[in-house]
Amino acid sequence: MAGLLKKKKSREPEIPTSSMADIAFLLLIFFLVTTTINVDTGIGMTLPPELDPTVEPPPVKERNLLTVLVDEQGRVLLEDQMSSVAAIREEVKKHVLNEGADPAYAESADKAVVSIKTARKTQYESYIDVLNEAWMAYYEIWDAEARKLGFPNYKAYRETVESSKDDVIRQRIKAKISLAEPDEGE
Amino acid sequence: MATFQKKASNAKQDIPTASLPDIIFMLLIFFMVTTVLREQTIQVRTLLPDADAITKIEQRRLVSYIWIGPLKLTNNQLGETAVQIDDALIEDMPNVRNIMYRKYTEQPKLIVSLKSDETSEMGVLQDVQQELRKAGTLRINYSARPRAGN
Chain A
1 MAGLLKKKKS REPEIPTSSM ADIAFLLLIF FLVTTTINVD TGIGMTLPPE
51 LDPTVEPPPV KERNLLTVLV DEQGRVLLED QMSSVAAIRE EVKKHVLNEG
101 ADPAYAESAD KAVVSIKTAR KTQYESYIDV LNEAWMAYYE IWDAEARKLG
151 FPNYKAYRET VESSKDDVIR QRIKAKISLA EPDEGE
Chain B
1 MATFQKKASN AKQDIPTASL PDIIFMLLIF FMVTTVLREQ TIQVRTLLPD
51 ADAITKIEQR RLVSYIWIGP LKLTNNQLGE TAVQIDDALI EDMPNVRNIM
101 YRKYTEQPKL IVSLKSDETS EMGVLQDVQQ ELRKAGTLRI NYSARPRAGN
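Going down the list, the sequences are from chains A and B. According to our numbering, the residues represented by the first sequence are 1 to 186, in order. According to our numbering, the residues represented by the second sequence are 1 to 150, in order.
The shape of chain B in the complex, shown without the other chains (with noise of 0.2 Å):
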């Protein structure tokens, strides 16, 4: 029985924990290649105007984007203004009030980020603020930088 328990006590009992780093770094990296956040390929160019009265969105899960600018083409040459909801641009503007209002069923407490470039015309706003309202998505917020020296 003496026997048996020196036995019992010379056995290494603990997991082995060299590879426990690499299985971290490992995670690590993923966790670093992966949060590129679904990037979108932007088709238009949102050269966003500068302001003072800025707010930071807090709740970026309520956020949706909407932009709004010259559409790039090839070459660096600007198009005509166009508007851009996820990976689409939109052809006509009422397909703006029924992407929005799915995506209100969705997400009642949704806010629209109208990310427009500097030079865009007041009128596609207006139609696409028209749209907004139709569809019952009215917290908007007009993307801004920060203007230097503040």
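Okay, chain A solo, but in the shape it has when bound (with noise of 0.2 Å):
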């Protein structure tokens, strides 16, 4: 019993703090990492390289061209023909799978070229408006050859290929969206 009493009045009452160190480690790294803040997001674009003058620049065929234009008011001319924007999607769609069947429309998925044009008073709203619908055809394109891959959708496909070169489904369907020149001396 005296040994009992003895052991308890060697312990001083104390919380272990040897873990402290752990616990805020493990604290720093979690700030460490995940203070990445925001995300950017948005629309990726190349823009095409600066016009030699002496060199003309490749010619387009007419019927693979589908011409969007965007005026002041955000009214969209698709072929010169008054259109919305909602009609954009299936009408780029439309174009790119059409395989040479309509002479109206491209001859092939790979020579079809989407061309944007704006006015110079168009809203940057509207223009990412009609952007964004000429992508989604695309991104719609794309899911639709996924499945037909036996994947649920292009993202998942995309996920089981390493780079974007083994990437065959957008090898074959690039997306050839192209902003047209602006007008000089306007």
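Derived by calculation from the structure, the hints in this document are not laboratory data. Some clues are possibly wrong.
Unchecked claim - Computed cross-link-like contacts, DSS-like style, restricted to lysine-lysine with a CA-CA straight-line distance of at most 25 Å:
#: 1; chain 1: B; residue 1: K56; chain 2: A; residue 2: K155
#: 2; chain 1: A; residue 1: K174; chain 2: B; residue 2: K56
#: 3; chain 1: B; residue 1: K109; chain 2: A; residue 2: K174
As the list claims (entries may be wrong) - Examples of chain A residues toward chain B, derived with CB under 8 Å:
#: 4; residue: M20
#: 5; residue: T41
#: 6; residue: T118
#: 7; residue: Y139
Think of the CB as a built atom: it goes at the ideal place given N, C-alpha and C, for glycine as much as any other residue.
Reconstruct the complex from the two isolated chains, following the hints.
Here's what the structure looks like:
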């Protein structure tokens, strides 16, 4: 009994702090890893390189080109026909997947180009709306292609290939959305 | 000899770790406070448009920003559309080319993120894009927010 009492006396009442460092380390690592603050999202594009005035631009057949014009009021002209933003998606899909069937649309998906032209006074928002629709058309085409290969959607397919070079769907049907040269001296 | 050995075993050999949590907490607080990532005062309003076909920019190191939007004036008024790169407003368009070309030589894989207000006119954007083409920085990204419910 006496031995037991002695043992109790030697232990001071204290909270074990040895694991405190580990907890703090964990917190530190958590903050180090997570402080990326709001990831940037947006529509990725590649601008055409600057034109060499001495070299003629490569000719594009009229039928392979789907021209979309956005005016000051945000109205949309598709191949010089009054249209709407909502109609662009279907029209682009028809254009790209035509494969030479209709003489008004592209010869093949490989050659199809969507050209977007804006006026100087066009609002940025309507331009993004149009660009978004054109991109969505391509995403829907890729989704359909991925489903043919047995994937639920294009994103699931993309995750199975390592680099963009192995992405067969996108190699075959490239998104060709071009921004038309602005008119000089307006 | 025996007594000497006994003495040695009695001495405490471990490093005091009692202050270790404090040191690490200090580090933790330092990181929490400093990770604001060079905040720039943006002098133009950039209300980003919504879009569906958006992608994330994974490599943040490669990104350089250009803000385009109406100038923020005092008492909440908006001025003319202006272009801002880093901390400065751009007065002359050719300056865009010089600044971006310098950035391009430092980072050839540069992605230019255009943070443009949804009300800006395409004219300014076209001018900026023409300058970017001349500078050779062709990878761009129209910054947009994901549409709600997506």
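Do the hints match the structure? See the list:
1. B:K56 to A:K155: holds, 13 Å
2. A:K174 to B:K56: holds, 19 Å
3. B:K109 to A:K174: holds, 21 Å
4. M20: holds, 4 Å
5. T41: holds, 5 Å
6. T118: holds, 4 Å
7. Y139: holds, 6 Å
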